[in-house]
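Same order as they appear, the protein sequences are chains A and B.
In terms of the numbering used here, the first sequence opens at residue 1 and continues consecutively.
In terms of the numbering used here, the second sequence opens at residue 1 and continues consecutively.
If you are wondering where the hints come from, they were derived from the structure by calculation, not from laboratory data.
Heads up, some of the hints might be wrong.
Said to hold, decoys possible - Selected chain B positions facing chain A (Cβ under 7 Å, derived; list incomplete): (1) Glu90; (2) Pro111; (3) Ala140; (4) Met237; (5) Leu238; (6) Ile311; (7) Val419; (8) Tyr423; (9) Arg425; (10) Leu457; (11) Leu461.
From a predicted model like this one, the values you see are computed outputs, not experimental measurements.
Each residue gets a CB set at the ideal place from its N, CA and C atoms; glycine is no exception.
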Amino acid sequence: MAPAPDAGRLGAPHDGPDRSPRFRRGQRRCPLALAGLLVTFGTPAVVAPLAFDEPEPTRSADGTLQLSWAEALGDELHDYELQLRHEGESRRVYTGRRPEAHVSGLPDGRYELRVRMREGDGWSPWSEPKVLVVQHHPMSLVWTLLALGALVLTGTAVIVLRSDRGSR
Amino acid sequence: MIPSIIARPPGLLASAADGLLLSPTTGAWLLGLFSLLWIALGLHWGRRARSLDGFMVAGRNVGLALGTATAMATWVTSNTTMLAPQLALELGVWGMLAYSTASLGLLLFAPLARRIRAVMPHGYTSAEFIELRYGRAAWAIFLVLSLFYALTWLISMGMAGGLLIEALTGIEYRWGMTVVLGVCVAYTVSGGLYAVIGTDFLQSLIVLVGLVVVGGLVLWEVSVAEVHASLVERRPMLLDLLYPAALMALFNNLLFGLGEVFHSNVWWSRAFAMRPGVGAKAYTLAGLLWWPVPVVAGFLGLAAPALDIGISRPDMVAPVLAGTLLGELGAVLVFVVVFASIASSIDSLLAATSDLLTKELVARRMPGASEARLRAVAAWTVLGTGVLAWVACLPKVGTLATVLFFAGPMVASMIWPVVAGLYWRRATAAGAVGGMVAGTAVGLWVYVAIGWYAASLAGALVSAVVVIATTLRSRERFDFARLAEGRS
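Turn these sequences into a full structure, and let the hints steer you where they fit.
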C-alpha cells in the first residue's frame, strides 16, 4: 500500500521541520485528519482526531471485530489506544503501534469504539465513536447444526470402524 | 543490514521498538542457517531415492517412528501454530478444542491406511484408487477437486512463509517466500518422499519442543487463574459454553479436516509408503500426539488478554506473545518453529501434488516409459510444481486463505466416496460422482447463503446421503482384487 503523497497535511507552508503526523488510510482518505491538522512552526499544536477506515455502524454475529484507522506517516511510530464503551463503562482494549486492532469475545449488546494517538507528551482527541452491534446466532440454528454434525461424524466413524473390523 | 531485501519497516508488531520481533540481519542468518540445514538433511536422507518407488513412496518401507513423525509433522502446519491461537482468541475454549478435533482426521484415517496398504500394495495416488474403483468420470472430478485443494493449500503455505518472515524480521515478502519454497523444492527434487519424511521427523520435534517451551514460559508469567479472570472481565464469550459461533464451527472444522485427510494424496502417499502393519499404528499415534498441539498453541491466544498485549491481527497473536514475553530468544524460537512447521507442510504438498501430476497426467502420456525415465519426470514435476506455486505466490494475493476455506465443501464431499469405495462392494460410480458433485454444489451454496461454519457440514451430509442411497439400491459386487492389479 503506497502512502498518499500529501495525505493528511494542512496549513501554510513553513520552513521548519515538519513533524506533524500525517495519515495513511486503509481504504479511504480521512477528511477529519486532512482538515484538522494545525501546524505551528514545526511543533504540532493540535492533533486532529483519528478516524476509522469504516466508520459506519457494524453488526457482528460472532462477537468479533477487526478495526483499522488512519496511520500516521513518516518513520516515527506512534502509540495508539482503542477504547470500548458499553452500558456506560469504558475500558481499554488495545494499545500498540499498528493502526488496527482485533476485538473478540463480546456478548450481545451495543458497543462504541474510539481511538486516539499519542503525540509528544499528550494524546490526540478521541475519534468519532464507531458503533458495533453484537447479536449472536440463534441457538435453534446452533442445535440444528450440532445435531447434523454429530450425525455425520458418528455415521462416518461407525461405518469406518465396523467396516475395518469386518475387512480384517 | 541487507537493505535490498528489507521491506519498509512495517511496524507489524507492537512489542518491539522498531515494530519487529527480530532484526532483518538476525532473520537472514536464521533463514540461511536453517535453509542449509534442511537442504543438507534432505540430500542426506534422500540419497536412497534412486528408483521411482524410492522417490514417490520412500521404497514402501517406512517404519513406525518415521511414519508417525511424518504424519504428525505434516498436520502441524503454520495453520496449527498461527490459526489455533487465532481460533482460541476469536472463538474461545470451544475454538481451541474445535481445532484439536482435527486429530480425529488422523485417528479415523488409521484404519483406512491399513485398508489402503492391503488392497493397493503397489498403489501411488488416491486418484488412482478412484479410477480403479469408480472409473474415469469419478476420477476426473476427484482429480479436479483434489488438485484445486492441494495447489491452493501449497500456494497459501508459500504465501504464509513469506508473510510470516516479513512480519517477524522485516525481510521482504518475495525474498522470504522464495527462500522457503526454494529450500523445500531443492530437497524434495533430490530426495523425494525419503527427504520429506526425514526432514519431517526433525521438524516435528522442533515444533513440539518449541511449543512446549513457549507454553511453559507463558504459564511461568501468568497463571491459568489469571487468564480465566481476565477473560471473564474482558472477553466473557470466550469462556461461554453456549457460544453460538464456536459451537456452529465445531463439526464444520472437524469434517473439513476429515475430508482433507481422507481424500488428499498427502496422506495416501504416506499410507503407501509405510510398510505393512505400520500405517494404522502410525496414524493412530500421530493423531494422539497431535491432539495437544493446538491446545498448547491455542492457550497462547487465550493468555494474550491477561498479559495486556495489544493484538492488532489475530493470526499474529502467537508470535507477538512469544516475542513480548521472551524477548529476542522467544522471537528466535518462534521463527524456528514457524519455519519448521511451514517447511514440513510445503515439502509434503510438493511431493504429493507432483505425484498426482506425474502419475495421473504426465505419465499417462508416456506409455512404456522406463522407471528411470519416470523417476526423472517425477523430479521435474516437483520443480515445475514449485515454480508454479512461486509464480502464484508472487502477487501476494491476500484472499487465498479465503479460497482455501472455500474448498471445505469440496473436500468434505469426498469423505463418503472414499470410505464407501474402500469397504463397500455395492458402492457405485454414480454414487461417487453424485456425492462429490451434489456435496460440493450444496456446500458452496450453503457457504454463500448461510456461512462458512456450515459449508463443510452440508457438503459431507449431502454426499453421505447420495452415496448411501445409491449403494442401497445397487446390485453391483465390486471385486477388490482389481485394485491390487493396478491400471496396467
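To see whether the hints hold, each was checked on the structure:
no. : hint   : verdict
1   : Glu90  : holds (5 Å)
2   : Pro111 : holds (4 Å)
3   : Ala140 : violated (25 Å)
4   : Met237 : holds (4 Å)
5   : Leu238 : holds (4 Å)
6   : Ile311 : holds (5 Å)
7   : Val419 : holds (6 Å)
8   : Tyr423 : holds (4 Å)
9   : Arg425 : violated (11 Å)
10  : Leu457 : holds (5 Å)
11  : Leu461 : holds (5 Å)
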